[in-house]
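Enquirer: Here's the letter readout for the chains.
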Amino acid sequence: MSSTTTITGTPNAGTAQGTYGIIAEFPDPATTFHAAEVVRDAGYAKWDVYSPFPIHGIDEAMGIKPNKLPLMVGLLGLTGAALGFAFQFFVRTDYAIVHQGKPASAWQVLVPVTFEFGVIFTAFSALLGMLAFNALPMWFHPLLKKERFLRVSDDRFIIAVEAKDAKFDPEQTKQLLLHAGATRVETVSDE
Amino acid sequence: MTALPADTIHDHSASNLGRTFASHTGPIDLSPANTTVPKSWANGPMLLLLALGLLCLGATAYAGWSAEDAKGLKHAVLSYHVGVMAVTTMMLGSLVLVMISRAVQAGWSTTFRRQSENVAALMPLLALFLLPYLFFAPKVWKWMLPESKGDFLLLAKSWYLNEPFLAGRIIFYVLVFCFFAYKQFTLSRQQDITGDKALTNKAQFWAMPGLLFFALSAAFFSFDLIMSMDFHWFSTMFGVYFFAGSILSGVALVILITAILRASGRLKGLITREHYHDLGKLLIGFTIFWAYIAFSQYFLIWYANIPEETAWMLVRTNNGWQNVGLVIILGHFVLPFLILLFRSVKTKMRILVLLACWQLLMHVVDLFWQIRPITFMTYDSGNPVSAGKVGLAWVDFTGIIGPVAIFAAGIIFMVRRSPLIPIKDPRLSEALNHKNYV
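Protein chains in written order, with the working numbering: chain A, 1 to 191; chain B, 1 to 438.
Simulated from the structure, these hints should not be mistaken for lab results. Glycine included, each C-beta is placed from N, C-alpha and C at the ideal position. Keep in mind that the hints are not guaranteed to be accurate.
To be verified - Label pairs and their calculated CB-CB ranges:
1) 83/A x 146/B: 54 to 62 Å
2) 112/A x 327/B: 20 to 28 Å
3) 435/B x 43/A: 21 to 29 Å
4) 419/B x 42/A: 58 to 66 Å
5) 90/A x 305/B: 47 to 55 Å
6) 136/A x 208/B: 36 to 44 Å
7) 74/A x 137/B: 48 to 56 Å
8) 156/B x 75/A: 36 to 44 Å
Sequences and hints are given; from them, build the entire structure.
Expert: Take a look at the structure:
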């Protein structure tokens, strides 16, 4: 496999300014899957796998841990419900108005607004939290300038390791990816 | 152990691209040891349940027979009514679960669908359980009593609430339920033998009118069998309330049955953590749905404050019945909701099965709260005034356990008659590779 490998880009660019990282091309999902396991086991943290379609089980192969979003959404949802409840509670105690002949102590009227506040806070914290955790909206990404990278939407599988990673070393990372079965490794500039 | 040939596994992942992945389901075992139970499986428990059921029914009948006054007979009848409604809702919930998964071409549910089909196929039991009603119908439906005949509301409703029409409707409901349960069961069973893929399309075809007929029949079934027991009262939400309890108990029941089969060493690798995760999501989803519907019904009645509507709620929130209601609010919704929120609970079988059993129990308590207060109800010009002090007698237990135990024996009988999963279903591989990507 390595006989067909071509390496381009600036050798020994190091973690110098101007390098986004390294992208490695893989021919099929199986190789990509096992390469992801190799990169995971090598201890890299800032890297990602790009594929034209979802690869089943890639989360485990990449060592992605469950994120904190559900916990955040749950807590914010409960906060919303508490807020909706408190809102009505204080209004009712400070400005008690008898309407529809209902007793001022009726708990029933508190339920719909408490519920809706909970739902709205849950929905919005899920949406905004998802955007925040994904660093979206993102107007520019260095990888999209790379002609070859665009093939991940067609027939290529790519693992990109960022130069920002603590373990990143231009030469060693390249070798690691080639050993993992990459057919082509390139350096990407961050401009 | 016969492994499924790799090319029959419809898998988008790369497992058939030369290099194999570590399978998340483990080796797939479709051998009879894993997918069937012997013909004599659980014979002891089945006979024990049957004996218990018959004994309880006998005791209930004796209690009704030997009752000194009309109230004693009514007590026995209504306890039995709670039991029959509990069994019916579980069967209806299973039937609608099967039809929905057929209608939407669900793949993931294939491995546990058979168990719901089994439960739904017990539907003729409903006809059997409803037969004794011929002897004590006026104990269930107050409007049949001579003293109700002059009631102005009954006069207005008499075109609908009369004995021949009611009998006709009940026969119609039972035929509808039995027909669609039979269709789903037999089409699935035929496929076990022939493996004909067209049967899947046929089952989907029959699920469509099935859902339509089910929706209307189940709603009117609840109007006739539960709501019209107090004919002054009405709630357009009641059909949905009944349906919510049905499908919730249907989901809980399939979790329980498959868990028992897994505990007996079957279905290994066929119903996995992933399936239970999704069944757990359905369980919490329908728990929320039930609570939403139950509160909607209550809230509108409370807010509108119309006497003939509030009377039903008033008698059930006084004399200690409010404590039963509180148990239902906390036990049927708040507690399971808070526990099931966590993913770790939905993927841990033991807690999930415990919660499924708990929800089934709470569902019976819910039906008890709807039906049983009528026993000692006192009326003023047709409107319920008081349900009397809340209390339990042994006949409450025998009346409920009777039908439920016979139903449970019926489930064991059905489980061992056919393979535990639809063994030649074209969507089987989809279920075997089922995984949650969240």
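Enquirer: Using the Cβ atoms, figure out if residue 435/B sits within 21 to 29 Å of residue 43/A.
Expert: At roughly 27 Å between Cβ atoms, residue 43/A and residue 435/B fall inside 21 to 29 Å, so the hint holds.
Enquirer: Tell me if the beta carbons of residue 112/A and residue 327/B are separated by a distance inside 20 to 28 Å.
Expert: holds (23 Å)
Enquirer: Taking the Cβ atom of residue 90/A and the Cβ atom of residue 305/B, is their distance within the range 47 to 55 Å?
Expert: violated (26 Å)
Enquirer: Starting from the hint 48 to 56 Å, judge whether the C-beta atoms of residue 74/A and residue 137/B obey it.
Expert: holds (50 Å)
Enquirer: Is it true that the C-beta distance of residue 83/A to residue 146/B lies inside 54 to 62 Å, as the hint says?
Expert: holds (58 Å)
Enquirer: With 36 to 44 Å as the target window, see if residue 136/A and residue 208/B comply at their CB atoms.
Expert: holds (40 Å)
Enquirer: Mind checking the hinted window 36 to 44 Å against the Cβ distance between residue 156/B and residue 75/A?
Expert: violated (53 Å)
Enquirer: Given the range 58 to 66 Å, decide if the beta-carbon distance of residue 419/B to residue 42/A lies inside it.
Expert: violated (47 Å)
Of the numbered hints stated above, those contradicted by the structure are hints 4, 5 and 8, listed in ascending order.
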